[in-house]
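Student: Each chain, letter by letter, is given below.
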Amino acid sequence: MIVLFIITKILGKKQMAQLSMFEYVTGITIGNIGAELVINLREKVHLGVIAMVATAAIPLASSFITMKSKTLRNILDGRGKVFIKNGKVLEENIRREKVTIDEFLEMMRREGVFDLDEVEYACLEANGTLSVLLKKENRPLTPKDLGIYSPPEEEAHTIIMDGIILDDALDLAGKSRTWLKKQLENQGVSNEDVFIGQVNASGQLKIDLYNDQVQDRGSGDKKLLLASMHKCFADLEWFALAETEEEAKQLHSQNGERMKQAIDKVSALLQK
Amino acid sequence: MDMTLNSELLICMTKLKAIEDGLQTEAEYAKDKKDAKTYRDAMLLVRDIKKDMKKRLEALK
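Those protein sequences? They're chains A and F, same order as listed. Mapping the first sequence onto our numbering, position 156 (from 1) lands on 157, and the numbers just tick up by one. Mapping the second sequence onto our numbering, position 29 (from 1) lands on 833, and the numbers just tick up by one.
These are calculated hints, taken from the structure and not from any lab test. Be aware that a few hints might be false.
[Unchecked claim] Cross-link-like lysine-lysine pairs, in silico, PhoX-like; alpha carbons within 25 angstroms at most:
#, chain 1, residue 1, chain 2, residue 2
1, A, Lys-223, F, Lys-819
2, A, Lys-273, F, Lys-821
3, F, Lys-837, A, Lys-224
4, A, Lys-266, A, Lys-224
5, A, Lys-224, A, Lys-273
6, F, Lys-821, A, Lys-224
7, F, Lys-821, A, Lys-232
8, F, Lys-819, F, Lys-854
9, A, Lys-232, F, Lys-841
10, A, Lys-266, F, Lys-858
11, A, Lys-207, A, Lys-176
12, F, Lys-835, A, Lys-266
13, A, Lys-273, F, Lys-819
14, F, Lys-841, A, Lys-223
15, F, Lys-838, A, Lys-261
16, A, Lys-273, A, Lys-232
17, F, Lys-821, F, Lys-837
18, A, Lys-99, A, Lys-82
19, F, Lys-859, F, Lys-821
20, A, Lys-261, A, Lys-224
21, F, Lys-838, A, Lys-266
22, A, Lys-183, A, Lys-223
23, F, Lys-819, F, Lys-858
24, F, Lys-858, F, Lys-821
25, A, Lys-232, A, Lys-261
26, F, Lys-859, A, Lys-250
27, A, Lys-89, A, Lys-136
28, F, Lys-841, A, Lys-266
29, A, Lys-261, F, Lys-821
30, A, Lys-261, F, Lys-841
31, A, Lys-273, A, Lys-223
32, A, Lys-232, F, Lys-854
33, A, Lys-232, F, Lys-859
34, A, Lys-89, A, Lys-99
35, A, Lys-266, F, Lys-819
36, A, Lys-261, F, Lys-854
37, F, Lys-841, F, Lys-819
[As the list claims (entries may be wrong)] Here are some, though not all, of the chain F residues that point toward chain A, as calculated from beta-carbon distances under 7 angstroms:
#, residue
38, Leu-809
39, Cys-816
40, Lys-819
Just so we're clear, the structure is a prediction, and the values are computed from it rather than from any experiment. We put the beta carbon where it would ideally sit given N, CA and C, even for glycine.
Taking the hints into account, I'd like the entire structure generated from these sequences.
Tutor: This is the structure in structure tokens:
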């Protein structure tokens, strides 16, 4: 187990994520040798370990060789196969990769493509994933398309974790404890109430509390509520003018007054 | 004219319901009892308006 663990560490994370055909075969072989060792404990263990190390050396050597030679890289790691070129589906290539039409459509859907007409280029990569390039008119707009300059964005810094202030991260974010204390006071919480707190790229503090019930409601919601009340008040005044019956006019007018009273009551609270 | 008024009244009813729910939520999240009572008083006023509006809509049917 220890030898297997060390070998896996040496071979790298790639063994556990995207395996090439060659790495896949090596992984199975090492696993088989390991299993043989466990079952036949009375046999010479050191020979099994040597076999495992020798097998593990093969992908290491092949990684080195494939870095140097493109031809060997194509043979050992395989090559990508183009499935769609200039918007045309290349059926022959799909067939050669032994992919059925249903599997091909499923791969496209996984990439968020439900209409083949939107695709300019699609390629099945050597590791089995599908890469898709949409036609220009179907690609999402970027700030560059609109001629907008967008400055590089910094990563968010986690400055509170499990209620504990992380001073190193606070320094990295360029903020002080005093600033943090003030921000938390503004939100009516202390650092002990915070499950996770981050300073985002624009320098704002975003927090998630242990008790979501005490999370302060956003001021945006309150302002929207107040605006809706004002809008409703205007509607009631309009009804009072639009109605033809005198009784109905009075009803709407009276309700307008009620709405005005409600607005006056909560206006100060909703503007906080 | 009646058709327009009827539609507008219906839309207003929906808005009133949203306002009522909003005030109710604010009352639940209020930081103290005084604020919660203020929100509830406003909510009751909105509820009364909603009742009147419902009666008017039934009369227009």
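Student: Each hint: holds or not?
Tutor: Hints, one by one, checked against the model:
1. About 15 angstroms separates the Cα atoms of A/Lys-223 and F/Lys-819, which keeps this hinted pair within 25 angstroms; it holds.
2. Distance restraint check for A/Lys-273 and F/Lys-821: the Cα-Cα separation of roughly 23 angstroms lies within the 25 angstroms cut-off, and the hinted pair is therefore satisfied.
3. Pair hint F/Lys-837 plus A/Lys-224 holds up; C-alpha atoms about 21 angstroms apart against a cutoff of 25 angstroms.
4. Proposed proximity of A/Lys-266 and A/Lys-224 is supported: the alpha carbons are some 14 angstroms apart, at most 25 angstroms.
5. A distance of roughly 9 angstroms separates the Cα atoms of A/Lys-224 and A/Lys-273; the hinted pair therefore holds under the 25 angstroms criterion.
6. With a C-alpha separation of about 17 angstroms, the suggested pairing of F/Lys-821 with A/Lys-224 holds against the 25 angstroms cut-off.
7. The suggested pairing of F/Lys-821 with A/Lys-232 holds, with an alpha-carbon distance near 14 angstroms, which does not exceed 25 angstroms.
8. Proximity of F/Lys-819 to F/Lys-854 is assessed by CA-CA distance (about 10 angstroms); at most 25 angstroms being required, the pair is judged to hold.
9. Between the alpha carbons of A/Lys-232 and F/Lys-841 the distance comes to roughly 23 angstroms, so the proposed pair stays at or under 25 angstroms and holds.
10. Among the hinted pairs, A/Lys-266 with F/Lys-858 is consistent with the structure: their alpha-carbon atoms are about 24 angstroms apart, no more than 25 angstroms.
11. Using a Cα cut-off of 25 angstroms, the hinted pair A/Lys-207 and A/Lys-176 holds, with the two alpha carbons roughly 14 angstroms apart.
12. Simply put, F/Lys-835 and A/Lys-266 have alpha-carbon atoms about 16 angstroms apart, close enough for the 25 angstroms limit, and the pair holds.
13. At roughly 22 angstroms between alpha-carbon atoms, A/Lys-273 and F/Lys-819 fall within 25 angstroms of each other, so this suggested pair holds.
14. Distance check on the hinted pair: F/Lys-841 and A/Lys-223 sit about 16 angstroms apart at the alpha-carbon level, within 25 angstroms; holds.
15. Our distance criterion of 25 angstroms between C-alpha atoms is met by F/Lys-838 and A/Lys-261, whose separation comes to about 20 angstroms.
16. Restraint check: the Cα-Cα separation between A/Lys-273 and A/Lys-232 comes to about 19 angstroms, which is no more than 25 angstroms; the hinted pair holds.
17. Simply put, F/Lys-821 and F/Lys-837 have alpha-carbon atoms about 23 angstroms apart, close enough for the 25 angstroms limit, and the pair holds.
18. Restraint check for A/Lys-99 and A/Lys-82: satisfied, since their Cα atoms lie roughly 12 angstroms apart, inside the 25 angstroms limit.
19. Between F/Lys-859 and F/Lys-821, the direct Cα distance comes to roughly 15 angstroms. Compliance with the 25 angstroms bound is thereby established for this hinted pair.
20. Distance hint between A/Lys-261 and A/Lys-224 is fulfilled; the C-alpha atoms sit about 16 angstroms from each other, no more than 25 angstroms.
21. The straight-line distance between the Cα atoms of F/Lys-838 and A/Lys-266 is roughly 12 angstroms, inside the 25 angstroms bound, and the hint therefore holds.
22. A C-alpha spacing of about 22 angstroms is found between A/Lys-183 and A/Lys-223, which places the hinted pair at or below 25 angstroms, so the restraint holds.
23. For a cut-off of 25 angstroms, the pair hint linking F/Lys-819 to F/Lys-858 stands: about 13 angstroms separates their Cα positions.
24. Distance restraint check for F/Lys-858 and F/Lys-821: the Cα-Cα separation of roughly 11 angstroms lies within the 25 angstroms cut-off, and the hinted pair is therefore satisfied.
25. Taking the CA atoms of A/Lys-232 and A/Lys-261, the gap is about 11 angstroms. The hint holds against a cut of 25 angstroms.
26. With a C-alpha separation of about 14 angstroms, the suggested pair F/Lys-859 and A/Lys-250 falls inside the 25 angstroms cut-off, and the hint holds.
27. Restraint check: the Cα-Cα separation between A/Lys-89 and A/Lys-136 comes to about 12 angstroms, which is no more than 25 angstroms; the hinted pair holds.
28. Of the supplied pair hints, the one linking F/Lys-841 and A/Lys-266 holds, its CA atoms being roughly 10 angstroms apart against a limit of 25 angstroms.
29. Note on A/Lys-261 and F/Lys-821: the hinted pairing holds, with a Cα-Cα distance of about 17 angstroms set against a maximum of 25 angstroms.
30. This hinted pair checks out: A/Lys-261 and F/Lys-841 have alpha carbons roughly 17 angstroms apart, not beyond 25 angstroms.
31. A hinted pair counts as satisfied when its Cα atoms are at most 25 angstroms apart, and A/Lys-273 with A/Lys-223 qualifies at roughly 8 angstroms.
32. Pair hint A/Lys-232 plus F/Lys-854 holds up; C-alpha atoms about 15 angstroms apart against a cutoff of 25 angstroms.
33. Straight-line distance between C-alpha atoms of A/Lys-232 and F/Lys-859 comes to about 21 angstroms, which keeps the hinted pair within the 25 angstroms bound.
34. Between A/Lys-89 and A/Lys-99 the CA atoms are separated by roughly 19 angstroms; this keeps the pair inside 25 angstroms, and the hint holds.
35. As the CA atoms of A/Lys-266 and F/Lys-819 are separated by approximately 19 angstroms, the hinted pair is consistent with the 25 angstroms bound.
36. Taking the CA atoms of A/Lys-261 and F/Lys-854, the gap is about 14 angstroms. The hint holds against a cut of 25 angstroms.
37. Simply put, F/Lys-841 and F/Lys-819 have alpha-carbon atoms about 22 angstroms apart, close enough for the 25 angstroms limit, and the pair holds.
38. Below 7 angstroms, beta-carbon pairs count as interface contacts, and F/Leu-809 has one with chain A at about 6 angstroms; its hint therefore holds.
39. For the restraint placing F/Cys-816 at the interface with chain A, the shortest Cβ-Cβ distance is roughly 5 angstroms, inside the 7 angstroms limit, so the hint holds.
40. Checking F/Lys-819 against chain A by beta carbon gives a least distance of about 5 angstroms; that is within 7 angstroms, so the hint holds.
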